[in-house]
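*Asks:* Given the sequences, and given the hints that come with them, work out the whole structure.
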Amino acid sequence: MAVLKVKFTKTRRDKLAQILWILNWISVVTGVILFSLGLFLKVELKKREELMAERDIQYVPNMLIAVGLIACIINFLGGKICYDCVDSTKFLRWKLIMLPYIVCTFFFTLCVLVGALMCYTMHWELEEALNLGLMQAMRFYKDTDMPGRCFLKHTVDTLQIQFQCCGNSGFKDWFQIQWISNRYLDMSKKEVIDRLRSNVEGKYLMDGVPFSCCNINSPRPCIQQQITNNSAHFNYEHQTEDQNLWMKGCRQALLEYYTHIMQSIGLTLSVLTGVRYLQTSLENVLRQGDPDSESDGWLLENSLMETARTNLSIIKSLGKSNQINTANNGDPNIDVPSTSKAHYGPDN
Amino acid sequence: MALLKIKFSQQRRVRLAQGLWLLSWLAVMCGAFIFCLGVYLKIELLRRDEVMENTEIHVVPNLLMLVGLASIGANWVASRVCQDSLDASRFPRWKVLLLGWYAVAALLCCLLLAVVVLSYVLQGRLEESLKVGLRNGIRFYKDTDVPGRCFQKETIDRLQMEFRCCGNNNFKDWFEVQWVSNRYLDFTSQEVKDRIRSNVDGRYLLDGVPFSCCNPASPRPCLQNQLTDSRAHYNYEYQSEELNLYSRGCRQALTDYYMGLMNSTGPGVLSVILIQLSVLLSMRYLQTAVEGAMALETPEGESEGYILEKDVKATYADVKAKALDLLKFAQVDPASEAAGAEEGEKEAEATAKAATPPPAS
Numbered sequence: 001m002a003v004l005k006v007k008f009t010k011t012r013r014d015k016l017a018q019i020l021w022i023l024n025w026i027s028v029v030t031g032v033i034l035f036s037l038g039l040f041l042k043v044e045l046k047k048r049e050e051l052m053a054e055r056d057i058q059y060v061p062n063m064l065i066a067v068g069l070i071a072c073i074i075n076f077l078g079g080k081i082c083y084d085c086v087d088s089t090k091f092l093r094w095k096l097i098m099l100p101y102i103v104c105t106f107f108f109t110l111c112v113l114v115g116a117l118m119c120y121t122m123h124w125e126l127e128e129a130l131n132l133g134l135m136q137a138m139r140f141y142k143d144t145d146m147p148g149r150c151f152l153k154h155t156v157d158t159l160q161i162q163f164q165c166c167g168n169s170g171f172k173d174w175f176q177i178q179w180i181s182n183r184y185l186d187m188s189k190k191e192v193i194d195r196l197r198s199n200v201e202g203k204y205l206m207d208g209v210p211f212s213c214c215n216i217n218s219p220r221p222c223i224q225q226q227i228t229n230n231s232a233h234f235n236y237e238h239q240t241e242d243q244n245l246w247m248k249g250c251r252q253a254l255l256e257y258y259t260h261i262m263q264s265i266g267l268t269l270s271v272l273t274g275v276r277y278l279q280t281s282l283e284n285v286l287r288q289g290d291p292d293s294e295s296d297g298w299l300l301e302n303s304l305m306e307t308a309r310t311n312l313s314i315i316k317s318l319g320k321s322n323q324i325n326t327a328n329n330g331d332p333n334i335d336v337p338s339t340s341k342a343h344y345g346p347d348n
Numbered sequence: 001m002a003l004l005k006i007k008f009s010q011q012r013r014v015r016l017a018q019g020l021w022l023l024s025w026l027a028v029m030c031g032a033f034i035f036c037l038g039v040y041l042k043i044e045l046l047r048r049d050e051v052m053e054n055t056e057i058h059v060v061p062n063l064l065m066l067v068g069l070a071s072i073g074a075n076w077v078a079s080r081v082c083q084d085s086l087d088a089s090r091f092p093r094w095k096v097l098l099l100g101w102y103a104v105a106a107l108l109c110c111l112l113l114a115v116v117v118l119s120y121v122l123q124g125r126l127e128e129s130l131k132v133g134l135r136n137g138i139r140f141y142k143d144t145d146v147p148g149r150c151f152q153k154e155t156i157d158r159l160q161m162e163f164r165c166c167g168n169n170n171f172k173d174w175f176e177v178q179w180v181s182n183r184y185l186d187f188t189s190q191e192v193k194d195r196i197r198s199n200v201d202g203r204y205l206l207d208g209v210p211f212s213c214c215n216p217a218s219p220r221p222c223l224q225n226q227l228t229d230s231r232a233h234y235n236y237e238y239q240s241e242e243l244n245l246y247s248r249g250c251r252q253a254l255t256d257y258y259m260g261l262m263n264s265t266g267p268g269v270l271s272v273i274l275i276q277l278s279v280l281l282s283m284r285y286l287q288t289a290v291e292g293a294m295a296l297e298t299p300e301g302e303s304e305g306y307i308l309e310k311d312v313k314a315t316y317a318d319v320k321a322k323a324l325d326l327l328k329f330a331q332v333d334p335a336s337e338a339a340g341a342e343e344g345e346k347e348a349e350a351t352a353k354a355a356t357p358p359p360a361s
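In the order they appear, the protein sequences are chains Z and L. When we follow UniProt numbering, the leftmost residue of the first sequence carries the number 1, and every step to the right adds one. When we follow UniProt numbering, the leftmost residue of the second sequence carries the number 1, and every step to the right adds one.
Heads up, some of the hints might be wrong.
[As the list claims (entries may be wrong)] Taking lysine-lysine pairs in the DSBU-like style, the calculated list, with each CA pair at most 30 Å apart, reads: (1) Z:K189 with L:K193; (2) L:K95 with L:K320; (3) L:K193 with Z:K190; (4) Z:K42 with Z:K15; (5) Z:K248 with Z:K47; (6) Z:K10 with Z:K80.
[Stated by the list, open to error] Non-contacting residues of chain L with respect to chain Z, defined by C-beta distances greater than 10 Å in every case (computed): (7) A17; (8) V77; (9) V116; (10) N169; (11) E176; (12) T228; (13) G266; (14) S271; (15) F329.
The set of hints was computed from the structure by calculation and includes no laboratory data. Predicted model only: the values in this text are computed from it and were never measured. Built from N, CA and C at the ideal position, the CB exists for glycine as well.
*Replies:* Written out as structure tokens, the structure is:
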């Protein structure tokens, strides 16, 4: 039983081929966009790799780049086929390739869906990586004299300034870390010794944050030290003050940034998938039809179950494709007499 | 003696027309490039509008945009002329326009040259404008509650962080200004009262700077207060410390930035001038060669192309004579009309005679 059977005259088939051609080119453009977005994501992840702990997230942009490229190639080929579909002599050239081509694109569409899924799993992995990475970076903020870590102060400062964020989850993260190096602490002062003694690990902790946490929209000059002490500053209440420092945590800020990129990629992928499905069904239609006379077109030749079964058998017999080719000229639907009819016109 | 005479066969004329057509489309692209350059420069200047006191420097991008648009139009006309040049029936209608076109093209080249010169000359004015603008910005830094000035704090902070600079000439400018508003000063505290009393104007001055002056590349957490007091901070020497804050002044940073922009566009503008000049010269050669060919008995034959029909002195004398004739013609006395009419006819003949060589030149 054919699914959604529609009658197609030659002109309608031509129109269909034209639509398919346009869709193919839309897919090529979408493939290019996907490729460039994948490249952009790769560059952005590389830029911030100091802030991400060792997690394998590079596979996502690599896969997106590959998918983008393949989309371009497949759709370019599809466009060429459609262009030739209208001309009956050229169409016969492609008859051999049509079926494997459709199978390929079916797999490709599956890959695209898998890609979209991977983007979502990456979100969780990225959050983990950022959490660990930022914690490390903040811990080594003071180690500007140690090779391998000396750049982390600069990295964290520029990150907090650029993304308008402070700390990992919030500015209070800085209260739990010693971010002032011992080289700049006067060990002879009583106040310093008191602070060092007041916690178990001998760290110099204070309720202050680095300057890069300062909010430039604040009407008041930035308060960085003694943040929790209301009496230390005139007309200041730390519970209600929200414009003095950046309130957002850097993990959330970075995550939002990357999620934004992924959302654009997700949109591109869904457009690609939709167009792809439309294409495969339309190509099937064209494949079944006889180039010159009126014919039936349908979304699927048989019911869904039958189509699945036929596709499975095609996959199984892919290895033996050579034998089928020489026996039937590659296509079980047209035998030699009708091709010669197509050559010399319907009257002959 | 014609100036820079070249012989043109029919084939050479065709090649000249084709080459000029391509060159004029290249010149159209160049015109678009100049326009976009002008727009970009204008946007960059407008972005920092708040720290500039006057808009004199805006003449550079305005001129660039004008010249860009005019150049696109003029060179498009040139390409149309090229297309019609080898067709004897369509070329004559362009003849009238060509003299005006030469004037416009020469004017465009002069304007572009003027732009290059202006961008160097106006550097001093830009610095002055920035000096006053930044001084105001720093003075009104604390006035975040005064309408019309409330944005100055954010502007100055952003500027200092983006351009990695501090203050007008250097960070010491902040020592001379009260940048902490009175709303945040505890007037019951002895320290505050002492400071306010210690200077004539009753301002709260301190040797500290805002956080936006802090240099993230410093190995040490930023020191913002008591900068001149070496004992106030451990292991700190005021005179030798150079990584703690940005050492450059914002006026210098902004001037360098804009001069850098204009200098990097200098070579581009100069090459556009060259292209425009070559279009002008080629058009002249094409015009004279085609007109020469049209005047021949065999239009397919060889003709001469030149820039000026006679040499420079003779052309100048001709132009002067024609101008004087026109003036005399305009001043003819209406009382002696009869004699004047005869004379007028003679004058008209003379001007007509004098007029026939000039159109060819």
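*Asks:* Name the hints, by number, that the structure is in violation of.
*Replies:* Hint 4 alone not satisfied by this model.
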